[in-house]
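Trainee: Required output: the full structure, derived from the provided sequences and hints.
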Amino acid sequence: MTDDEAKVILEALGDKSRFDIFRKVCGRSGLTASDLSAGKAASTNSHHLAKLEKVGLLTATRAGKTKHYVADSDRLFALAAWMNTCAEDAVFAKLDQDLLNSADEG
Numbered sequence: 001m002t003d004d005e006a007k008v009i010l011e012a013l014g015d016k017s018r019f020d021i022f023r024k025v026c027g028r029s030g031l032t033a034s035d036l037s038a039g040k041a042a043s044t045n046s047h048h049l050a051k052l053e054k055v056g057l058l059t060a061t062r063a064g065k066t067k068h069y070v071a072d073s074d075r076l077f078a079l080a081a082w083m084n085t086c087a088e089d090a091v092f093a094k095l096d097q098d099l100l101n102s103a104d105e106g
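Taking the UniProt record's numbering, the leading residue of the sequence shown gets 1, the next gets one more, and so forth.
No lab work stands behind these hints: they were computed from the structure.
Quick caveat: nothing in here was measured; it's all calculated off a predicted structure.
Be careful, since some hints might not be right.
[Said to hold, decoys possible] As a list, the in silico DSS-like pairs of lysine-lysine whose alpha-carbon atoms are at most 30 Å apart:
(1) LYS51 <-> LYS24
(2) LYS94 <-> LYS67
(3) LYS65 <-> LYS54
(4) LYS24 <-> LYS54
[To be verified] Here are the simulated distance ranges between beta carbons:
(5) GLU88 <-> SER46: 37 to 47 Å
(6) GLY30 <-> VAL91: 14 to 24 Å
(7) HIS47 <-> LYS7: 42 to 52 Å
(8) ALA42 <-> LEU95: 30 to 40 Å
(9) ASP96 <-> VAL70: 14 to 24 Å
(10) LYS24 <-> LYS65: 19 to 29 Å
(11) ARG28 <-> THR2: 23 to 33 Å
(12) ALA41 <-> ASP96: 43 to 53 Å
For every residue, glycine included, the Cβ atom is placed at its ideal position computed from N, Cα and C.
Mentor: Dropping the structure here:
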């Protein structure tokens with residue numbers, strides 16, 4: 001996953017409604033838009049679902065007139081790997097800084 005791809009995903013999840021929808025879909029199988037509406041307007045919910053689908057976090061399958069949404073585990077694992085790389089970079093940067101600080105003190 002590139003930094004730009006991760007940025008698009010994280011920006012999509014930065015919206016509270018989209019984040020809440022995404023969390024509801026994770027770990028559940030085939031939720032529909034009406035399952036996820038929670039009192040929100042259908043058009044608003046549809047907009048958020050479309051955005052999550054566009055960035056690859058959700059996939060939808062159609063059964064008649066109804067779409068069923070699931071989290072895309074491959075995309076999630078790619079995002080998790082990208083975040084793990086960021087965490088490793090941060091650890092190494094901190095170690096470098098700690099070494100510099102201890103050399104200055106010694």
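Trainee: Does each hint fit the structure? Answer for all of them.
Mentor: Hints, verified against the model:
1. LYS51 <-> LYS24: Given that 30 Å is the threshold and the Cα spacing comes to 15 Å, the pair holds.
2. LYS94 <-> LYS67: Violated: LYS94 and LYS67 sit about 46 Å apart, past 30 Å.
3. LYS65 <-> LYS54: Roughly 20 Å separates the two Cα atoms, so the pair holds.
4. LYS24 <-> LYS54: 18 Å, holds
5. GLU88 <-> SER46: 37 to 47 Å: 38 Å, holds
6. GLY30 <-> VAL91: 14 to 24 Å: 39 Å, violated
7. HIS47 <-> LYS7: 42 to 52 Å: Roughly 20 Å apart at Cβ, these two residues miss the hinted range, so it is violated.
8. ALA42 <-> LEU95: 30 to 40 Å: With Cβ atoms ~51 Å apart, the hint is violated.
9. ASP96 <-> VAL70: 14 to 24 Å: 42 Å, violated
10. LYS24 <-> LYS65: 19 to 29 Å: Hint holds: Cβ distance 21 Å, inside 19 to 29 Å.
11. ARG28 <-> THR2: 23 to 33 Å: 29 Å, holds
12. ALA41 <-> ASP96: 43 to 53 Å: 51 Å, holds
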